[in-house]
Amino acid sequence: MLQALLLSRELARWRAAGRRARLWWRDDDARTPGPALERLLAHALAFDAPLTLAVIPDGDRAELAERLATVRGVRVVQHGADHVDRSAGGGAFEFPPERTAEEIAAALRDGWTRLAPLPGALKLFTPPWNAVHPRLTDALASERYVGWSAWSEVAPEAALPRIDTHLDLLRWNPSPRFRGKARLASQLRRQLARRRKAGTWDAPIGLLTHHLDHDEAAWKWLAGLMRKVRRHPVLTWSDLGDLLPETGRPQ
Numbered sequence: 001m002l003q004a005l006l007l008s009r010e011l012a013r014w015r016a017a018g019r020r021a022r023l024w025w026r027d028d029d030a031r032t033p034g035p036a037l038e039r040l041l042a043h044a045l046a047f048d049a050p051l052t053l054a055v056i057p058d059g060d061r062a063e064l065a066e067r068l069a070t071v072r073g074v075r076v077v078q079h080g081a082d083h084v085d086r087s088a089g090g091g092a093f094e095f096p097p098e099r100t101a102e103e104i105a106a107a108l109r110d111g112w113t114r115l116a117p118l119p120g121a122l123k124l125f126t127p128p129w130n131a132v133h134p135r136l137t138d139a140l141a142s143e144r145y146v147g148w149s150a151w152s153e154v155a156p157e158a159a160l161p162r163i164d165t166h167l168d169l170l171r172w173n174p175s176p177r178f179r180g181k182a183r184l185a186s187q188l189r190r191q192l193a194r195r196r197k198a199g200t201w202d203a204p205i206g207l208l209t210h211h212l213d214h215d216e217a218a219w220k221w222l223a224g225l226m227r228k229v230r231r232h233p234v235l236t237w238s239d240l241g242d243l244l245p246e247t248g249r250p251q
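Residue 1 is where the sequence shown starts when you use the working numbering, and the numbers rise one by one after that.
Just so you know, these hints were derived from the structure itself, not from any lab.
All C-beta atoms, glycine included, are put in the ideal place defined by N, C-alpha and C.
It is possible that some hints are incorrect.
With beta-carbon atoms standing in for the labels, derived distance ranges [to be verified]:
| id | residue 1 | residue 2 | range |
| --- | --- | --- | --- |
| 1 | Arg194 | Lys228 | 30 to 38 Å |
| 2 | Lys181 | Asp48 | 42 to 50 Å |
| 3 | Glu103 | Lys181 | 42 to 50 Å |
| 4 | Thr200 | Arg9 | 13 to 21 Å |
| 5 | Ala62 | Leu2 | 24 to 32 Å |
Pairs of lysine-lysine, BS3-like flavour, derived with a Cα cap of 30 Å [said to hold, decoys possible]:
| id | residue 1 | residue 2 |
| --- | --- | --- |
| 6 | Lys123 | Lys181 |
| 7 | Lys228 | Lys197 |
| 8 | Lys220 | Lys181 |
| 9 | Lys181 | Lys197 |
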């Protein structure tokens, strides 16, 4: 209750300032259609919330393409080159430290060829496990990606646009489970306060979900957030394309 009250007070400060907070939504690890994806799409369509699916390009995505052709307002971005953990322990990463920018670019290019035909495909990269290789941005620039998305940065100054996520619906250790209402309310309040104090009102706040790992508590909170955003005078959804002005809205 305390965190909900503090969040309400922060939202009141935004309203008094005549500002609106821009939320955007990224869901990771999609591969094929299934019950969990259907539930996710139902949330997005019921509440008119623009959804970005970070799809793993490790195989034929024809079934997913067929399903997405029947829905509106869904972006598809590239989630890794093949989403294989090549670490030897101490954290997960797709590209080992010795990989060159040229080698990373070749892997990215191979993955993108499998995703490009999907409806709503946008050439934006999301590194698995938010692991950022030192030469990743060089590889992305050489392959002409329009941007990338990882974790926690608010308004990074970079040649290649970076649109991050900041609110993870799940805790991951020892196994995936809902993070909790109080914890998420606290995180959202801190993100709002951070932008207000810095004057970066338009910096988007990214919601990160993983539909294949949600428990019932996570699904319930997600639906509650959708209802709150729909009726709240401060909170609003943004399509990823609106955060990257050179792109258009998905058809």
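Evaluated hints:
With their beta carbons about 20 Å apart, Arg194 and Lys228 fall outside the hinted range of 30 to 38 Å. Distance hint for Lys181 and Asp48: a CB-CB separation of about 23 Å, inconsistent with the stated range 42 to 50 Å. At about 44 Å, the CB distance of Glu103 to Lys181 agrees with the hint of 42 to 50 Å. The hinted window of 13 to 21 Å between Thr200 and Arg9 holds, with their beta carbons roughly 20 Å apart.
With their beta carbons about 49 Å apart, Ala62 and Leu2 fall outside the hinted range of 24 to 32 Å. With a C-alpha separation of about 33 Å, the suggested pairing of Lys123 with Lys181 is violated against the 30 Å cut-off. Under the criterion of a C-alpha separation no larger than 30 Å, the hint pairing Lys228 with Lys197 is consistent with the structure, at around 24 Å. Pair hint Lys220 plus Lys181 holds up; C-alpha atoms about 10 Å apart against a cutoff of 30 Å.
Taken as a hint, the Lys181 and Lys197 pair is honoured in the structure, with Cα atoms around 24 Å apart against an allowance of 30 Å.
When held up to the earlier numbered hints, the structure conflicts with 1, 2, 5 and 6 and fits the remainder.
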